[in-house]
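According to the working numbering, the residues represented by the sequence shown are 1 to 345, in order.
All clues given are correct.
Listed next, the in silico DSBU-like pairs over lysine-lysine satisfying Cα-Cα at most 30 Å (straight line):
(1) Lys-123 x Lys-240
(2) Lys-56 x Lys-126
(3) Lys-304 x Lys-123
(4) Lys-126 x Lys-166
(5) Lys-166 x Lys-314
(6) Lys-29 x Lys-344
(7) Lys-61 x Lys-29
(8) Lys-37 x Lys-345
(9) Lys-304 x Lys-344
(10) Lys-314 x Lys-119
(11) Lys-61 x Lys-166
(12) Lys-345 x Lys-275
(13) Lys-126 x Lys-304
(14) Lys-314 x Lys-304
The following label-pair restraints were derived from C-beta to C-beta distances:
(15) Thr-30 x Gly-222: 35 to 41 Å
(16) Gly-76 x Gln-316: 41 to 47 Å
(17) Asp-95 x His-124: 17 to 23 Å
(18) Asp-188 x Gly-299: 26 to 32 Å
(19) Gly-39 x Glu-147: 18 to 24 Å
(20) Thr-30 x Gln-53: 14 to 20 Å
(21) Lys-149 x Pro-31: 16 to 22 Å
(22) Lys-166 x Gly-260: 40 to 46 Å
Don't read these hints as lab results, they were simulated from the structure. Fair warning: this is a prediction, and the values are worked out from it, not measured in the lab. In this text, a Cβ means the ideal position worked out from N, Cα and C, and glycines have one as well.
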Amino acid sequence: MLRRYFFLALVGSTALASRTPAADVTVTKTPTALEFKVGDEVITKYQYAGTVQVEKGDGTKPLAKPYFYPLNAPGGTCATRPWPMIRGTQGETTDHFHQKSAWFCHGDVIPEGIDLKTKSADKHVKGVDFWAESTGHGRIVCTTVGEPKGGQVRTQNEWLTPDGVKILDETRTLTVSSLPVGRLIVLDIDLTASVCPITFGDTKEGSMGVRVSDEFRLAKTGSDGVVTTVDGQIAKAPAKDNLPMWGQPSVWHDYSGSVGGKTVGLAIFEDPTNKYPAVWHTRAYGLMAANPFGRAGSGFPAMKGNTDLVKLAKGQRLTLRYGLYVHTGGTTEGKVAEAFTAFKK
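Work out the full structure: start from the sequences and follow the hints.
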């Protein structure tokens, strides 16, 4: 069992005010996206269908998996990278085409007993790659979007092989609420091995991920970016990989810094009751991801010698819960620890 880390926060004058009820969040549903707003401010759009422009050139291709973009702090400043959804931003990076703002998936999902006619271009992937979007990748296809109830929407996804064969069913419930200095998006994920036994492969490429704004990534010259963990570990720009918190367990990481002269941040929360605690794939170039499936082969220091892969028997379910908290200010000013307390309830 991995050691779990908890942040001890003072109560009283520093306690978080009650979060705005989800009913105050409005949701607009279109054939391709859900838009969540508080008043006139857009919190996020959840893109669940449609097409995206190819990495190079002017063509388009079907969406590989749902993603959130933008992710706006109160006041409207986006904390995630616009590319590749929006192109031509001054100084933009164009690496890792598959890292579209914020998403959930895994880089190696092995359908036991199913012959994969089309293989991943990555020789290290034993099953289906839902993380990268190179030749032979899988797709997470949203098949049903329920009617919004306040700030909550339930969706149904099918995880498909490159040849379109379903290997997993997923119910993904999104709940969006407004806190005093931030917005909280909660993902309740229910994965069912409805077709065959499933093994989640041993890779660092997963799972609840975000790509933060280029302006405050730690590797950028002149950045004031900071990564902070629940136990107070800090990495500041300028920095190079590997960061000291890389490959270690934690219940949250926060990545914050300046965008257009305004300080904002984005945290990922892991529910402490998740059956498989996450180890963190947080990088100086701007990636931050909580990975519950990586083991010794991932290279994560905390997983050295651990070869106990996560497996689901046919018909078995796995539930996971994560939060995305986008806030004004740094980790302290943005009340990240207090927001995590609200998230746990």
